[in-house]
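Enquirer: Chain by chain, the residues run as shown.
Number of protein chains: 2
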Amino acid sequence: MQIAIILYPGMTALDAVGPYEVFRFIPDAEIRFVSNTPQPIITDSGVLVMGSTHSYDETPNSDIVLVPGSSADTTTAMADRKLTEWLKKVHETSKLTLSVCSGALVLGAAGILEGHPATTHWIAQKALYSFGAEPRRDERVVKSGKIITGAGVSAGIDLALSVVKELYGQERAEIIQLLIEYDPRPPVDAGHPAKASASVYKIAKEEMLQAAKNPRNIISVPAILWRKALKKLR
Amino acid sequence: MQIAIILYPGMTALDAVGPYEVFRFIPDAEIRFVSNTPQPIITDSGVLVMGSTHSYDETPNSDIVLVPGSSADTTTAMADRKLTEWLKKVHETSKLTLSVCSGALVLGAAGILEGHPATTHWIAQKALYSFGAEPRRDERVVKSGKIITGAGVSAGIDLALSVVKELYGQERAEIIQLLIEYDPRPPVDAGHPAKASASVYKIAKEEMLQAAKNPRNIISVPAILWRKALKKLR
Numbered sequence: 001m002q003i004a005i006i007l008y009p010g011m012t013a014l015d016a017v018g019p020y021e022v023f024r025f026i027p028d029a030e031i032r033f034v035s036n037t038p039q040p041i042i043t044d045s046g047v048l049v050m051g052s053t054h055s056y057d058e059t060p061n062s063d064i065v066l067v068p069g070s071s072a073d074t075t076t077a078m079a080d081r082k083l084t085e086w087l088k089k090v091h092e093t094s095k096l097t098l099s100v101c102s103g104a105l106v107l108g109a110a111g112i113l114e115g116h117p118a119t120t121h122w123i124a125q126k127a128l129y130s131f132g133a134e135p136r137r138d139e140r141v142v143k144s145g146k147i148i149t150g151a152g153v154s155a156g157i158d159l160a161l162s163v164v165k166e167l168y169g170q171e172r173a174e175i176i177q178l179l180i181e182y183d184p185r186p187p188v189d190a191g192h193p194a195k196a197s198a199s200v201y202k203i204a205k206e207e208m209l210q211a212a213k214n215p216r217n218i219i220s221v222p223a224i225l226w227r228k229a230l231k232k233l234r
Numbered sequence: 001m002q003i004a005i006i007l008y009p010g011m012t013a014l015d016a017v018g019p020y021e022v023f024r025f026i027p028d029a030e031i032r033f034v035s036n037t038p039q040p041i042i043t044d045s046g047v048l049v050m051g052s053t054h055s056y057d058e059t060p061n062s063d064i065v066l067v068p069g070s071s072a073d074t075t076t077a078m079a080d081r082k083l084t085e086w087l088k089k090v091h092e093t094s095k096l097t098l099s100v101c102s103g104a105l106v107l108g109a110a111g112i113l114e115g116h117p118a119t120t121h122w123i124a125q126k127a128l129y130s131f132g133a134e135p136r137r138d139e140r141v142v143k144s145g146k147i148i149t150g151a152g153v154s155a156g157i158d159l160a161l162s163v164v165k166e167l168y169g170q171e172r173a174e175i176i177q178l179l180i181e182y183d184p185r186p187p188v189d190a191g192h193p194a195k196a197s198a199s200v201y202k203i204a205k206e207e208m209l210q211a212a213k214n215p216r217n218i219i220s221v222p223a224i225l226w227r228k229a230l231k232k233l234r
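Respectively, the protein sequence lines represent chains V and L.
Oh and the first sequence: position 62 is 62 in my numbering, straight run, nothing missing.
Oh and the second sequence: position 21 is 21 in my numbering, straight run, nothing missing.
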């Protein structure tokens, strides 16, 4: 079971790391972090670096492919023809094609969501229409054929557990849930627009739009420039 | 507000990335990923690399310090005198000292948990006694003075939100919860030993002990060897 998790500059780390932490406890899983070329990738905070291990070319036939979202700049990934062409191709033979958060818009840009119900981060729900998808804003995980989309950021954990439950059964999903002690007890209760106060929603929306306008240090770092990249991070 | 998140070889990525994704939406936060020297750090899966940005020496006075756990090898971090001496020192002046998962054992090894109630991953609860701490196995987040410990892996998200609530108020915690759409809906319900079946608990325990016996590719990678490291990752 080869699982390809896409990394791109400006992505949101938890979108990828949540599912990764679930999938890595699948007994026969081979997880790859995939980008155009193997390299350090700076995430949307401008401070956390994650490493991709394989190129698209080296990864033509993954069983599962997952695209994370970005709070800073999803449009560059959407416009990245190498990425979208690769997604189209790998989707033809994948068992499951997944997105978390605004990663759904990247699937959309690759023409994969046409005619499918889907979800994404609450701030990006309307954008799904542009790709012929049907937004399901109140659902955390939406399955349509072999496409499964998750809501914002933290939803990737629920999405990955539901994938494990489907492919490997309830017991394996429970084992992994216990291994990562996923027994959530949030100290506040505003995790969805339907639950948040008007003022919390307004501020969150403004901050999200602001983040997209002012991406911080979101650059692609050639591997050899790791030390130079560190200087930029500071 | 300087927040230092420790990275060490073999650590569990989500232990760090969950809290990071919360803390980065604190308006005045400066987040640093700290290790002995800035370098790529291979996590416990042997495949995900995260980058540290600062050394211990460069980071003597953080306001918040967070130590993640490891499913593969917490003992090396516990025995790392550079790390534990630094923790002791930074704890003297920190506003808050935090751990997620078996990161609590590293705090313990630094002598920080003596006499304090604390929690950790369910598999490591008894080990807390060795450091003079009082295990609270049914609590997800335990606060004792300025020390806050979280349960296993995913508990870091709840821990970080409770920190934000305490330091910045309920509204900021709600805004961040909404930004990361943290409205958990796990598709199964076995996230704590008290909820898991006997067989799920038994298998999870065996797999956890097995992981600790057979760490995969957990090595420290000099920055300049990034490309060579990639070869090892494959």
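Do not rely on the hints blindly, as some may be mistaken.
As the list makes no split between identical chains, a pair holds if one copy fits it or if it spans any two.
[What the hints assert, rightly or not] With a cut-off of at most 27 angstroms between alpha-carbon atoms, the simulated DSSO-like pairs for lysine-lysine come out as follows: (1) Lys195 to Lys88; (2) Lys195 to Lys89; (3) Lys82 to Lys165; (4) Lys95 to Lys202; (5) Lys165 to Lys202; (6) Lys205 to Lys165; (7) Lys202 to Lys146; (8) Lys89 to Lys205; (9) Lys126 to Lys146; (10) Lys82 to Lys205; (11) Lys202 to Lys89; (12) Lys126 to Lys165; (13) Lys146 to Lys205; (14) Lys82 to Lys126; (15) Lys82 to Lys202; (16) Lys88 to Lys202.
Derived by calculation from the structure, the hints in this document are not laboratory data.
None of the values given here were measured: they were computed from a predicted structure.
Enquirer: Look at each hint and say if it fits the structure.
Expert: Verification of the supplied hints:
For the homomeric pair Lys195 and Lys88, neither the shortest alpha-carbon distance inside one copy (36 angstroms) nor that between copies (41 angstroms) is at most 27 angstroms. Taking the closest pair of Cα atoms, Lys195 and Lys89 never come within 27 angstroms of each other, the shortest separation being 39 angstroms inside a single copy and 42 angstroms across copies. When the C-alpha separation of Lys82 and Lys165 is checked against a cutoff of 27 angstroms, the pair qualifies neither within a copy, at 32 angstroms, nor between copies, at 42 angstroms. In this assembly of identical chains, the alpha carbons of Lys95 and Lys202 never lie at most 27 angstroms apart, being 39 angstroms within a copy and 30 angstroms across copies at closest.
Taking the closest pair of Cα atoms, Lys165 and Lys202 come within 27 angstroms of each other only across two copies (19 angstroms); inside a single copy the shortest separation is 36 angstroms, beyond that limit. In the homo-oligomer, the alpha carbons of Lys205 and Lys165 lie at most 27 angstroms apart only across protomers (19 angstroms), although the nearest pairing inside one protomer, at 33 angstroms, exceeds that limit. With identical chains, the CA atoms of Lys202 and Lys146 are never at most 27 angstroms apart, being 35 angstroms at best within one copy and 32 angstroms at best between copies. Taking the shortest alpha-carbon separations for Lys89 and Lys205, neither the intra-copy value of 35 angstroms nor the inter-copy value of 40 angstroms comes in at or below 27 angstroms.
Within a single copy, Lys126 and Lys146 get their C-alpha atoms as close as 22 angstroms, which meets the 27 angstroms cut-off; across copies the closest is 43 angstroms, which misses it. Proximity of Lys82 and Lys205 under a CA criterion of 27 angstroms is satisfied in neither setting, with 31 angstroms inside one chain copy and 43 angstroms between copies. Taking identical chains as interchangeable, the C-alpha atoms of Lys202 and Lys89 are never at most 27 angstroms apart, the minima being 39 angstroms within one chain and 41 angstroms between chains. In the homo-oligomer, the alpha carbons of Lys126 and Lys165 never lie at most 27 angstroms apart, since the shortest distance is 29 angstroms inside one protomer and 31 angstroms across protomers.
Taking the shortest alpha-carbon separations for Lys146 and Lys205, neither the intra-copy value of 31 angstroms nor the inter-copy value of 32 angstroms comes in at or below 27 angstroms. Proximity of Lys82 and Lys126 under a CA criterion of 27 angstroms is satisfied intra-copy only: 25 angstroms inside one chain copy versus 51 angstroms between copies. For the identical chains of this complex, Lys82 and Lys202 are neighbours neither inside a copy (36 angstroms) nor across copies (45 angstroms), given an alpha-carbon limit of 27 angstroms. In this assembly of identical chains, the alpha carbons of Lys88 and Lys202 never lie at most 27 angstroms apart, being 36 angstroms within a copy and 41 angstroms across copies at closest.
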